[in-house]
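Protein chains: 4
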Amino acid sequence: MYRSGRHFLQIPGPSTVPDRVLRAMDMPVIDHRGPDFGVLGKEVLSGIKKIFKTTGHVIIFPSSGTGAWEAAIVNVLAPGDKVLMVETGHFATLWRQMAAKFGIEVDFVAGDWRSGVDPAEIEKRLSDDKTKSIKAVMVVHNETSTGVTSRIGAVRQAIDRTGHPALLMVDSISGLASADYRHDEWKVDVTVSGSQKGLMLPPGLGFNAVSEKALDAAKANKTPRSFWDWHDMLKPNSTGYFPYTPATNLLYGLKEAMAMLQEEGLDNVFARHMRHAEACRAAVRAWGLEVLAKNPAEYSPVLTGVIMPDGHDADALRRTILENFDMSLGAGLGKVAGKVFRIGHLGHFNDLTLIGTLAGVEMGLQVANVPHQAGGVDAAMAVLTQKNQARAVA
Amino acid sequence: MYRSGRHFLQIPGPSTVPDRVLRAMDMPVIDHRGPDFGVLGKEVLSGIKKIFKTTGHVIIFPSSGTGAWEAAIVNVLAPGDKVLMVETGHFATLWRQMAAKFGIEVDFVAGDWRSGVDPAEIEKRLSDDKTKSIKAVMVVHNETSTGVTSRIGAVRQAIDRTGHPALLMVDSISGLASADYRHDEWKVDVTVSGSQKGLMLPPGLGFNAVSEKALDAAKANKTPRSFWDWHDMLKPNSTGYFPYTPATNLLYGLKEAMAMLQEEGLDNVFARHMRHAEACRAAVRAWGLEVLAKNPAEYSPVLTGVIMPDGHDADALRRTILENFDMSLGAGLGKVAGKVFRIGHLGHFNDLTLIGTLAGVEMGLQVANVPHQAGGVDAAMAVLTQKNQARAVA
Amino acid sequence: MYRSGRHFLQIPGPSTVPDRVLRAMDMPVIDHRGPDFGVLGKEVLSGIKKIFKTTGHVIIFPSSGTGAWEAAIVNVLAPGDKVLMVETGHFATLWRQMAAKFGIEVDFVAGDWRSGVDPAEIEKRLSDDKTKSIKAVMVVHNETSTGVTSRIGAVRQAIDRTGHPALLMVDSISGLASADYRHDEWKVDVTVSGSQKGLMLPPGLGFNAVSEKALDAAKANKTPRSFWDWHDMLKPNSTGYFPYTPATNLLYGLKEAMAMLQEEGLDNVFARHMRHAEACRAAVRAWGLEVLAKNPAEYSPVLTGVIMPDGHDADALRRTILENFDMSLGAGLGKVAGKVFRIGHLGHFNDLTLIGTLAGVEMGLQVANVPHQAGGVDAAMAVLTQKNQARAVA
Amino acid sequence: MYRSGRHFLQIPGPSTVPDRVLRAMDMPVIDHRGPDFGVLGKEVLSGIKKIFKTTGHVIIFPSSGTGAWEAAIVNVLAPGDKVLMVETGHFATLWRQMAAKFGIEVDFVAGDWRSGVDPAEIEKRLSDDKTKSIKAVMVVHNETSTGVTSRIGAVRQAIDRTGHPALLMVDSISGLASADYRHDEWKVDVTVSGSQKGLMLPPGLGFNAVSEKALDAAKANKTPRSFWDWHDMLKPNSTGYFPYTPATNLLYGLKEAMAMLQEEGLDNVFARHMRHAEACRAAVRAWGLEVLAKNPAEYSPVLTGVIMPDGHDADALRRTILENFDMSLGAGLGKVAGKVFRIGHLGHFNDLTLIGTLAGVEMGLQVANVPHQAGGVDAAMAVLTQKNQARAVA
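Protein chains in written order, with full-length UniProt numbering: chain A, 1 to 394; chain B, 1 to 394; chain C, 1 to 394; chain D, 1 to 394.
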């Protein structure tokens with residue numbers, strides 16, 4: 001059905017693709033073995049490192065983020081390997097299921113889907129692992145299903161305190177380029193990511209940032225693999241090429257998206273996300289609803305999970321909002337299905353779009369007769385007009 | 001400077017061009033004398049009639065709306081001709097200046113820039129014109145500088161009551177396809193319009209819808225003209241072609257924009273604009289500010305002019321809003337410069353974008369320290385969630 | 001009907017719009033009164049001067065080239081003015097008709113539609129004009145209907161030899177940015193051009209490059225005008241703005257197209273066009289057909305007019321080529337209709353596209369049973385592979 | 001470096017993406033879990049079956065064709081399984097290497113890289129397999145590295161004659177939608193394909209068309225897999241959704257590309273490819289060069305491999321052509337590197353582009369001083385103008 005005006009795509013990814021990026025992708029494909037491609041390839045393979053904050057290697061797959069999860073697993077893990085994972089939410093659970101499919105034995109730290117990874121618990125379990133049999137600690141940086149961001153730096157310190165040699169593998173699919181992330185500083189061995197969130201691209205690229213330690217583990221690992229093989233990638237990557245046909249047009253878009261991130265400045269990007277998240281939470285509280293994330297230190301800058309009042313279905317609310325206000329919100333997934341909805345405020349975004357988004361929720365609550373108080377939009381505007389955020393023009 | 005997110009283009013035109021229209025235009029030019037062009041030409045020349053609600057001719061110029069004004073003048077008027085115009089605002093004044101440049105003698109009914117054309121005054125002046133020397137009544141349908149929509153149907157009736165033979169010439173540059181308009185029913189002789197408002201196109205097309213009476217007047221008129229000549233246009237138009245190179249890509253866009261208007265339904269388009277205008281005025285009043293338009297029967301569905309509190313500069317406010325919230329608003333023009341700002345809510349638009357827009361104004365008033373009351377956005381949301389406008393999903 | 005592959009648009013304009021230009025245009029419209037527009041406006045108004053090779057003013061109209069003709073006329077000429085024009089072909093004839101419509105008295109030097117302007121004839125007629133009553137010499141630089149390029153520099157010298165004060169007004173609609181053109185060096189007073197030829201844009205922009213002498217003439221000229229008024233344009237232009245809504249998206253495209261012309265280098269652009277024209281003529285001669293242009297010094301680098309064998313209809317051939325080979329060629333216009341077809345080789349073009357074009361003609365001649373010899377494509381390839389044009393890679 | 005005009009991308013894929021497809025992709029991403037996506041998903045999942053000529057299932061992966069190879073392997077084969085493959089060229093060899101990486105035991109029928117699969121040899125080897133230990137026959141339909149198209153129907157018949165239960169798995173990455181292909185009629189169990197060849201899309205989608213027999217084999221197969229798992233895909237596919245984020249914008253493009261294929265008609269598409277291939281071979285022979293494919297019944301309609309004269313390097317020729325004529329040709333791969341070049345004539349293509357392509361080769365041979373005879377382009381034109389191919393317009 002025809003709807004006037006722009007759809008508000010406020011799911012926590014795929015996020016809105018900027019016109020500059022869409023237009024950069026809307027160009028003829030070039031020969032992936034010709035000289036122009038080599039220039040492009042080197043440019044994006046080098047530029048993406050700055051986004052992950054690594055001087056090491058970043059592998060780019062023509063795949064979704066799910067594929068990048070699989071790549072991380074098959075390169076360094078083998079059937080029977082033991083890993084430590086944490087139940088931060090739906091995506092952590094899915095990654096665990098995938099690991100299980102590949103025969104990995106997962107020690108899965110139970111969670112309440114409202115909290116991030118507890119560094120102390122990691123420390124304890126690694127300390128208890130006297131035989132050093134745990135091959136990897138695998139955690140989600142920004143849990144897209146809940147709006148909880150784990151403190152990866154603190155997890156790193158916890159591991160370091162134990163002296164345990166486990167690899168640190170992190171899913172930052174929805175965190176990268178929206179929430180502060182430091183692959184090298186935090187000594188992450190494998191960071192998994194995707195194109196359709198903070199990178200402001202359509203879905204279709206998966207990433208693995210890999211440490212030397214992870215590359216060595218991969219070399220020793222016998223798990224059969226071909227498409228996902230890091231070492232097969234790295235050789236042609238060194239001259240800007242790929243071992244099989246890359247998703248050329250997404251690479252055009254990646255180049256443009258990275259240029260935009262650099263124009264704004266990564267630190268400004270992170271600050272913007274945090275400010276919008278704060279305004280969003282102010283709205284949620286004004287409505288008398290509860291933010292899913294429990295711990296303020298773990299509030300996600302990327303999205304906000306909101307708990308529905310008892311007896312009210314989050315999906316019915318989302319449908320009301322979609323039909324009346326042409327806005328898509330994120331559903332509750334897995335065990336919080338129907339109980340939670342998620343507001344994405346990531347990527348190519350700004351103050352007025354945030355207010356439009358929150359107005360869609362507030363009006364939706366009203367139209368759907370969900371018990372709430374008015375004033376959420378006002379509360380968000382109050383955050384956005386705080387003195388240090390805005391200035392009058394002389 | 002780089003700004004994240006979409007700019008809010010809330011001037012009263014050019015309005016936001018939908019992606020579908022931009023993409024339709026982003027196609028190779030074709031031979032303007034080849035068979036495919038004839039098909040396209042016939043399609044757009046026929047489709048545009050439905051938008052003007054005419055069964056007569058609509059001329060399409062590769063020009064701005066200003067060019068379409070000039071076309072209207074040089075086709076039917078000659079130096080020394082007398083016309084009746086009404087000072088509804090800045091654009092009426094500019095059209096009058098243009099007429100004067102072509103040697104037309106203008107009887108200009110003074111106005112307060114807050115009211116539309118007074119049909120009684122038209123009736124009076126035509127009745128007083130015993131010699132029938134007034135060649136045309138030239139009025140603006142939707143005065144873009146003020147947000148006042150004149151009642152053209154009532155003007156027509158006023159003219160009819162006098163039995164005066166003057167032509168009725170109407171500028172509906174910013175009214176067409178946003179506000180109800182009926183070229184044939186209102187027996188308008190020349191309607192002037194442009195592409196960049198309700199038609200949701202970039203600027204670059206000007207339109208003249210013309211009655212048989214106007215065509216006859218043109219035939220008799222000796223004013224030199226070539227580019228703007230209607231009769232030179234009509235012959236090739238009959239087979240879908242143009243006498244000189246047309247703006248082909250804008251015609252691609254016009255075809256797509258008209259398809260969108262038909263998908264939504266013109267009456268729905270008009271109702272949408274009126275609803276958004278009502279919500280906008282509710283916000284203005286809640287802020288304690290005054291809507292420029294005086295007469296509720298003349299409120300524009302396209303834009304709302306807002307009067308600044310005394311001693312506060314509208315342009316400073318607009319700059320504050322642009323710099324803080326990346327939104328463009330319309331300036332006060334001509335004699336209301338600095339005293340008025342204008343909020344465009346036309347074209348490819350929807351509820352959440354309207355709320356984002358109004359939030360930009362409300363936060364801008366706050367940041368710029370313009371005296372006002374909060375609650376404008378809330379008032380607008382109340383309008384938008386009225387029972388008959390929104391529905392819950394079972 | 002669906003046709004696989006890219007259409008070959010080999011009319012002498014509109015020419016193929018490069019993807020870079022189409023994509024640059026495929027972006028949201030901005031506020032034509034906001035600060036970003038001023039930056040864009042200054043950029044294009046300054047850049048376009050380099051294309052005309054002038055340090056003076058270039059006016060940009062949201063119109064076709066035909067509109068720019070009219071602008072040239074109404075700014076400097078008045079009814080009763082006498083001008084000298086030359087019948088170089090169809091477009092010269094149309095310009096003359098337009099001048100006549102504005103009451104200009106045209107001394108029209110007869111021509112054979114195969115030759116350019118004869119400087120000696122200009123010199124003679126100006127010398128004979130003892131009363132200096134000729135207000136302007138108005139000629140076409142590259143006659144699009146014939147493929148003949150007049151030597152404007154020589155025309156200038158001819159005028160100078162007479163000491164006659166007439167303005168020199170030149171239509172370089174299809175010459176600009178394809179054939180060498182020097183507004184200042186040749187002391188041209190008004191150069192008329194359009195967007196859809198060498199500038200590689202869609203149609204929709206008209207240009208007037210104007211000398212100080214022309215501006216003075218305009219100031220003194222009483223011909224009524226408004227849309228086309230140069231002086232009304234120049235004031236807002238000085239800060240990058242326009243007196244009425246400009247064709248913003250075409251200005252985006254103009255900026256990109258000018259960047260491409262500078263990347264290639266204007267002299268390289270001209271050399272490329274000449275080389276392609278030479279190869280095209282080699283093909284025509286190999287077919288045993290005659291090039292319409294008589295004088296080698298006047299061969300157009302932009303297009304080649306070809307004379308059909310007696311008794312064969314050029315338009316039937318063009319239809320055969322369109323239906324069989326999906327290529328549009330230019331028709332013979334006016335008095336050479338049906339007798340001539342035109343091959344455009346301008347703008348965004350290269351060797352292989354030229355050969356595809358010539359193959360379309362050669363196969364079309366074959367399919368349509370037009371008497372000819374084979375070998376045209378071979379002859380063109382021979383030109384393109386001449387030693388100084390191509391080089392082997394070591 | 002800037003090059004005027006369109007690059008000729010005449011590698012045998014990625015092929016030229018039509019403007020319609022690029023523009024369809026250049027649209028905002030939508031919620032992959034929302035109702036609009038379900039409509040799109042069902043549309044493309046249903047439409048793609050017609051392209052494979054199957055009523056069964058087609059799985060769409062956000063991956064390259066290489067990924068689709070891997071999917072075929074991991075779904076139905078397990079380490080230690082025995083398969084029969086045929087060395088038709090480089091891609092058959094790569095597929096075999098991939099199978100080996102997954103522990104599959106490959107009986108690799110040696111080949112000369114100039115011939116397709118020999119059905120008799122398949123029959124013989126299967127007949128010799130008294131224990132029915134061969135799990136699958138895995139062959140390449142259109143060997144992109146050589147320009148040889150194997151007769152899959154005949155292979156099917158050979159298998160049937162033996163009554164052997166082996167699965168038939170076919171790579172038609174570069175054959176699909178260019179060369180006749182019949183998944184159901186030929187009882188193929190798994191057809192592997194990709195987006196960037198006959199489907200005229202950018203790279204980024206991989207396909208597996210699967211028979212019920214293959215699905216059963218997958219159910220029984222214990223090889224670990226997740227991203228590539230068919231059964232995980234089929235459940236959400238049934239309502240138009242995907243188990244993980246799909247490459248939405250490529251699906252937009254797929255929908256448009258399939259519409260184009262249906263507009264032209266698949267049989268017309270195949271006939272067009274064969275006609276262009278015939279013209280291309282005529283050129284190759286006229287040059288005195290040898291077509292790599294030996295057997296006329298196996299000539300590829302998609303691309304033509306050409307053998308360089310002894311002592312001349314194909315890659316040097318390709319570089320000369322790229323630098324002089326801005327055309328990319330396919331390199332010789334693997335054991336024919338340097339000895340062979342490949343001309344792609346697939347996808348969005350037409351007669352004049354073919355001639356431009358062949359002219360680029362002919363001029364390149366000339367410039368690079370490769371011994372050859374002229375006349376290749378002429379020979380191709382003769383094929384294209386054969387009476388039954390072209391018609392004059394009355």
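The hints are simulated quantities; they were obtained by calculation from the structure and are not laboratory data. Any given hint could be a false lead.
Heads up, the list lumps identical chains together, so a pair's fine if it works in one copy or across two of them.
Stated by the list, open to error - 16 Å max Cα-Cα, derived EDC-like pairs, lysine to aspartate or glutamate:
| hint | residue 1 | residue 2 |
| --- | --- | --- |
| 1 | K101 | D232 |
| 2 | K101 | D229 |
| 3 | K132 | E43 |
| 4 | K213 | D313 |
| 5 | K339 | D326 |
| 6 | K53 | D118 |
| 7 | K124 | D313 |
| 8 | K219 | D107 |
| 9 | K255 | D180 |
| 10 | K255 | D107 |
| 11 | K219 | E123 |
| 12 | K42 | D315 |
| 13 | K222 | D128 |
| 14 | K235 | D107 |
| 15 | K255 | E323 |
| 16 | K339 | D118 |
Checked hints:
Only between protomers do K101 and D232 lie at most 16 Å apart by alpha-carbon distance; the minimum there is 12 Å, versus 24 Å within a single protomer. In this assembly of identical chains, the alpha carbons of K101 and D229 lie at most 16 Å apart only when taken from different copies (11 Å versus 18 Å within one copy). In this assembly of identical chains, the alpha carbons of K132 and E43 never lie at most 16 Å apart, being 40 Å within a copy and 51 Å across copies at closest. For a Cα distance limit of 16 Å, the shortest separation of K213 from D313 qualifies neither inside one copy, at 47 Å, nor across copies, at 42 Å.
With identical chains, the CA atoms of K339 and D326 are never at most 16 Å apart, being 21 Å at best within one copy and 35 Å at best between copies. With identical chains, the CA atoms of K53 and D118 are never at most 16 Å apart, being 24 Å at best within one copy and 53 Å at best between copies. For the identical chains of this complex, K124 and D313 are neighbours neither inside a copy (39 Å) nor across copies (64 Å), given an alpha-carbon limit of 16 Å. Proximity of K219 to D107 under the C-alpha cut-off of 16 Å is found in neither arrangement, the shortest distances being 25 Å within a copy and 28 Å between copies.
Taking CA atoms no more than 16 Å apart as the test, K255 paired with D180 passes in neither setting, with 20 Å inside one copy and 37 Å between copies. For a Cα distance limit of 16 Å, the shortest separation of K255 from D107 qualifies neither inside one copy, at 39 Å, nor across copies, at 44 Å. In this assembly of identical chains, K219 and E123 lie within 16 Å of each other by CA distance neither inside one copy nor across copies; the values are 28 Å within and 40 Å between. Proximity of K42 and D315 under a CA criterion of 16 Å is satisfied in neither setting, with 44 Å inside one chain copy and 22 Å between copies.
In this homomeric assembly, K222 and D128 never come within 16 Å of each other (Cα to Cα): the closest approach is 27 Å inside a single copy and 33 Å across copies. Taking CA atoms no more than 16 Å apart as the test, K235 paired with D107 passes in neither setting, with 35 Å inside one copy and 29 Å between copies. Within a single copy, K255 and E323 get their C-alpha atoms no closer than 36 Å, and across copies no closer than 25 Å, so neither meets the 16 Å cut-off. Taking identical chains as interchangeable, the C-alpha atoms of K339 and D118 are never at most 16 Å apart, the minima being 24 Å within one chain and 58 Å between chains.
Checked against the numbered hints given earlier, this structure breaks hints 3, 4, 5, 6, 7, 8, 9, 10, 11, 12, 13, 14, 15 and 16; the rest are met.
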